[in-house]
Amino acid sequence: MNVPDSNNSTKMPRKASRKGALEEASSGEIRNANKDSRSKVRAFLDFVKQLPVGSTLILGILVFFAICAPLLAPHDPIRPVEGIYTYTPAAWKDGGSWAQWLGTDFLGRDVWSRIIYGARVSVIVGLTGTAAAGAIGMVMGVVAGYFGGWVDAFIMRVVDAWLAIPTLVLAILLSMTLGASMWNIVLILGVVYWTRYARILRGEVLTLRERDFVKLAEVAGAGRIRIITRHIIPNVFNTWMVLASLTVGVVIVAEASLSFLGVGVPAPQPAWGSMLNDARAQLLTGRWWLMAAPAVAIGLTVLGANLFGDWLRVKLDPQQRNL
Amino acid sequence: MSDASHEQIAQAETLKNAKTLVVNDLVKHFPAGRSGFGVKANKQWVKAVDGVSFDIAPGETLGLVGESGCGKSTIAKLILRLEDPTSGSIKFEGREITDLKGDQLKDYRRSVQAVFQDPYSSLSPRMRVHDIVAEGLRIHTDYSKSDVRTRVNDVLALAGLSPDVGRLYPHEFSGGQRQRIAIAKALVLDTKMLILDEAVSALDVSIRAQIITLLKDLQQDLGIAYLYIGHDLATVGHLSDRVMVMYLGRVLELDDSIELVRNPKHPYTEALFAAALPSNPDHIGDTSEQPNAEVPTALAPPTGCHFHPRCQQSMEHCSTHFPQEVKLTGGRRISCHLYPGD
Chain A
1 MNVPDSNNST
11 KMPRKASRKG
21 ALEEASSGEI
31 RNANKDSRSK
41 VRAFLDFVKQ
51 LPVGSTLILG
61 ILVFFAICAP
71 LLAPHDPIRP
81 VEGIYTYTPA
91 AWKDGGSWAQ
101 WLGTDFLGRD
111 VWSRIIYGAR
121 VSVIVGLTGT
131 AAAGAIGMVM
141 GVVAGYFGGW
151 VDAFIMRVVD
161 AWLAIPTLVL
171 AILLSMTLGA
181 SMWNIVLILG
191 VVYWTRYARI
201 LRGEVLTLRE
211 RDFVKLAEVA
221 GAGRIRIITR
231 HIIPNVFNTW
241 MVLASLTVGV
251 VIVAEASLSF
261 LGVGVPAPQP
271 AWGSMLNDAR
281 AQLLTGRWWL
291 MAAPAVAIGL
301 TVLGANLFGD
311 WLRVKLDPQQ
321 RNL
Chain B
1 MSDASHEQIA
11 QAETLKNAKT
21 LVVNDLVKHF
31 PAGRSGFGVK
41 ANKQWVKAVD
51 GVSFDIAPGE
61 TLGLVGESGC
71 GKSTIAKLIL
81 RLEDPTSGSI
91 KFEGREITDL
101 KGDQLKDYRR
111 SVQAVFQDPY
121 SSLSPRMRVH
131 DIVAEGLRIH
141 TDYSKSDVRT
151 RVNDVLALAG
161 LSPDVGRLYP
171 HEFSGGQRQR
181 IAIAKALVLD
191 TKMLILDEAV
201 SALDVSIRAQ
211 IITLLKDLQQ
221 DLGIAYLYIG
231 HDLATVGHLS
241 DRVMVMYLGR
251 VLELDDSIEL
261 VRNPKHPYTE
271 ALFAAALPSN
281 PDHIGDTSEQ
291 PNAEVPTALA
301 PPTGCHFHPR
311 CQQSMEHCST
321 HFPQEVKLTG
331 GRRISCHLYP
341 GD
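One line per chain: the protein sequences are A and B, in this order. The first sequence runs 1 to 323 under this note's numbering. The second sequence runs 1 to 342 under this note's numbering.
Hints are computed from structural coordinates only; laboratory data are not their basis. Since the structure is predicted, the reported quantities are computational estimates derived from the model, not experimental observations. Any given hint could turn out to be false.
[Said to hold, decoys possible] Taking lysine-lysine pairs in the DSS-like style, the calculated list, with each CA pair at most 27 Å apart, reads:
id	chain 1	residue 1	chain 2	residue 2
1	B	192	A	215
2	B	265	A	215
3	B	216	B	101
4	A	215	B	47
5	A	40	A	215
6	B	327	B	265
7	B	106	A	215
8	A	215	B	91
9	A	215	B	216
10	A	40	B	145
11	A	215	B	145
[Unchecked claim] Label-pair ranges, simulated between beta-carbon atoms:
id	chain 1	residue 1	chain 2	residue 2	range
12	A	135	B	275	51 to 57 Å
13	B	94	A	203	42 to 48 Å
14	B	232	A	46	42 to 48 Å
15	B	104	A	149	46 to 52 Å
Yeah, the Cβ is synthetic: ideal placement off N, Cα and C, and Gly gets one too.
Using the sequences and the hints, build the whole thing.
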C-alpha cells in the first residue's frame with residue numbers, strides 16, 4: 001500500500017535473476033573469479049534498481065545535505081547575514097534576488113542555510129539514536145529470550161513499566177537532568193525507545209532457541225556467548241533492521257520535539273525543531289514561511305524514512321506486514 | 001607367554017568388551033500443569049522416561065522404536081545433556097556424564113554428536129556450510145585456517161559432498177544434501193557416538209536409502225556407535241544391530257534386530273509390526289492385532305502394564321501389576337506377563 005510502484009515493476013526480473021544464480025550455484029559449477037566479480041556488480045545494480053524511488057531520493061538528498069552542508073549552504077547558519085535584517089524572502093521583494101530565498105529568521109540568519117545544517121542534526125540523531133535504542137533493545141531482548149526464567153520476567157516487567165511512561169515526558173525529564181547536548185539527546189532517545197526492540201526480539205529469540213541448530217551448537221560444545229553471537233544475533237538481524245528503519249522516523253520527530261521545547265539540541269546549533277520554536281512568534285505576525293520551511297523538512301524526512309522502512313519490511317520478511 | 005603379554009591381552013579384552021554407553025535406570029520426569037507466582041497447585045509429572053536401562057558397544061547400532069510420546073527423544077536429549085535426568089546414570093566409556101560440568105562437559109561433547117530429524121531446522125540459515133561444519137573445530141581445537149579447511153573438506157567428502165559446497169548457504173541445498181551436511185558437522189571431531197534422532201524420517205524414500213547407506217558405510221569405516229531413534233520399523237530394523245521397543249517411558253522388549261523382526265514376542269511389538277505397511281499391498285496381513293485405542297497420555301499412564309488397555313491378550317492382573325523385566329533364553333529382554341520368566 002505504502003510501497004511505491006517501482007517496487008512491483010522491478011520485482012519480477014529480480015526474482016528471476018536470483019533464481020538463475022541459485023541454479024547455477026547448486027549445479028556445483030565452479031565459477032571463476034572474473035565471473036564472480038561481474039556477478040557482484042550485477043547484483044549491486046539489481047539491488048539499486050529495486051530500491052523505492054521516492055523514499056531513496058528523499059533520504060539521499062538529506063544525507064547529501066548533511067555531509068556537504070559547508071559546501072552547499074550559502075551563508076553561515078549561526079551568524080546574521082551581513083547587512084540584512086529582514087524576515088521576507090529576498091525573492092519576494094521588489095528587484096529581489098534568490099540570495100536568501102527562504103528569508104532570514106529573527107536574528108537575521110539565512111533560513112535555507114540553517115535548513116541544510118539542520119539536516120546534520122536530524123541525520124546524526126536519527127541514525128545514532130536509533131542505533132543506541134537498537135543496541136540496548138538487542139541486548140535486553142536477546143538476554144531475556146535466551147536465558148528465560150527470572151531474568152526474562154524481570155526485563156519484561158521493566159519493559160511493561162517503561163511503556164506506561166509517556167515517552168516525551170521521560171525524554172524531557174532526562175534531558176533536563178542530564179543537560180541538553182546533541183550526544184545526550186542520542187543517549188536519551190536510546191533509553192526511551194529500546195523497549196520496542198526488546199519485546200519483539202525476545203519473541204524471536206524464544207522461537208530460535210528451540211530450533212535444532214541452536215541445540216546442535218550446544219551439543220557441539222558452544223558456550224552461551226558463542227551461541228548468542230554466532231547463532232542467535234545473525235538470525236534476528238533482519239527483524240532488527242526492519243525495526244530500526246521504522247524507528248528512525250519516530251526518533252527524528254522526538255528530537256525535533258525536544259528541540260522545539262528547548263530541551264533538545266542547544267542554540268545556536270541549527271536544528272529543525274528549534275527553528276520551529278524560533279518561528280513561532282513570527283507566525284503571529286503572519287510570517288508563515290519561517291515555520292513552513294523546517295516543518296516541510298521534518299515532514300519529508302519522516303515520510304521518506306517511513307516509506308523506506310515499509311519497503312524494507314516487506315522485502316526482508318513479507319510475514320511481518322503487521323509488525 | 002609372559003605375564004606382560006597376558007596383561008596386554010586382558011586389557012585388550014576389556015577394551016573390546018567395554019561399552020561405549022551404559023544407561024542404567026534412567027528416569028526423567030517433566031513438571032506439568034500450572035505453576036504461577038510460586039503457587040504450585042496440584043503439580044503433575046509427565047514420566048517421559050521411567051527407568052530405562054540399555055547399553056551400546058563401540059561400532060554397534062542400537063535402534064530405538066516406539067510411538068510418538070514414548071520418550072525416545074527425551075533419552076536422546078538426556079544423553080546429549082540437553083536435559084538433566086531426574087535420576088539414574090549414563091556412563092560414557094565408563095565415565096558418569098550426568099553430573100559433568102564446565103570443561104569436563106565440553107570435553108564429553110567432543111565425542112558425542114547428533115543428527116536431528118528436520119534438516120531445515122538443524123542448519124543455521126545465516127552461516128555458510130564451511131562455518132557450520134567447522135564450528136566444532138573452532139570450539140575445541142586451535143587449528144590454523146588451512147587445517148580447518150582441510151579437515152572440513154575431508155568430512156564433507158566423507159559425507160559425499162564436494163568441497164565447493166563450503167561457501168554456499170543451507171537454503172541452496174535439498175533435504176538430503178542438508179542431512180549430509182549435518183552428518184559432516186557431526187563427524188568433524190573425533191566422534192565416538194552419534195545420536196540419530198529420526199535422522200531420515202523427513203526425507204524422501206529414495207534419499208532415505210542413500211543416507212542410510214552412507215551411515216552404514218561411515219560406521220564401518222570409523223567404528224562409531226549409533227543410537228538410532230525412529231518409528232519406522234523397516235528402517236530401524238535394517239540399520240540396527242539390536243532394537244529396543246519403548247512404550248510410555250519404559251522398555252518393553254530388546255533383542256538383536258534380526259531375532260526381533262523374525263519373532264516379535266511382546267504383544268506391542270507384534271502390533272507394531274502388524275501395523276507397518278508391507279512392500280506389496282496384496283500382502284497386507286491380519287489387521288486384528290492393531291492396537292485398539294489411542295496412545296494414553298504420559299501424564300496419567302494406565303495402571304499396571306501401560307499397554308494393557310490396548311493389548312489384545314491382556315489378562316486380569318495386567319491392569320494391576322507392572323510386569324517385571326525378564327531375560328529369555330537367547331538374551332531377549334521383555335516386560336510382559338505372558339512371559340513370567342523362570
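Need the status of pair residue 215 of chain A, residue 145 of chain B: alpha-carbon distance at most 27 Å? Roughly 25 Å between the alpha carbons, so the hint for residue 215 of chain A and residue 145 of chain B holds.
Quick one, are residue 106 of chain B and residue 215 of chain A close enough, alpha carbons at most 27 Å? Distance of about 14 Å is within 27 Å: holds.
Does residue 215 of chain A lie within 27 Å of residue 265 of chain B when you go C-alpha to C-alpha? violated, 37 Å
Taking the beta carbons of residue 94 of chain B and residue 203 of chain A, is their distance inside 42 to 48 Å? Check passed, 44 Å falls within 42 to 48 Å.
Residue 40 of chain A and residue 215 of chain A: Cα distance at most 27 Å? Given pair residue 40 of chain A, residue 215 of chain A is violated - Cα atoms ~34 Å apart, limit 27 Å.
Against the 27 Å threshold, does the CA-CA distance of residue 215 of chain A and residue 47 of chain B hold or violate the hint? Roughly 23 Å between the alpha carbons, so the hint for residue 215 of chain A and residue 47 of chain B holds.
Do the alpha carbons of residue 192 of chain B and residue 215 of chain A lie within 27 Å of each other, as the hint requires? holds, 19 Å
Is 46 to 52 Å respected by the C-beta to C-beta distance linking residue 104 of chain B and residue 149 of chain A? At 24 Å between Cβs, range violated.
Is residue 40 of chain A within 27 Å of residue 145 of chain B, Cα to Cα? Cα-Cα ~25 Å, so holds.
With 51 to 57 Å as the target window, see if residue 135 of chain A and residue 275 of chain B comply at their CB atoms. holds, 56 Å
Check the hint pairing residue 216 of chain B with residue 101 of chain B against an upper bound of 27 Å on the C-alpha distance. violated, 33 Å
Please verify whether residue 327 of chain B and residue 265 of chain B have alpha carbons no more than 27 Å apart. At roughly 12 Å apart (the allowed maximum being 27 Å), residue 265 of chain B and residue 327 of chain B satisfy the hint.
Hint compliance for this structure: hints 2, 3, 5 and 15 are broken, all remaining hints hold.
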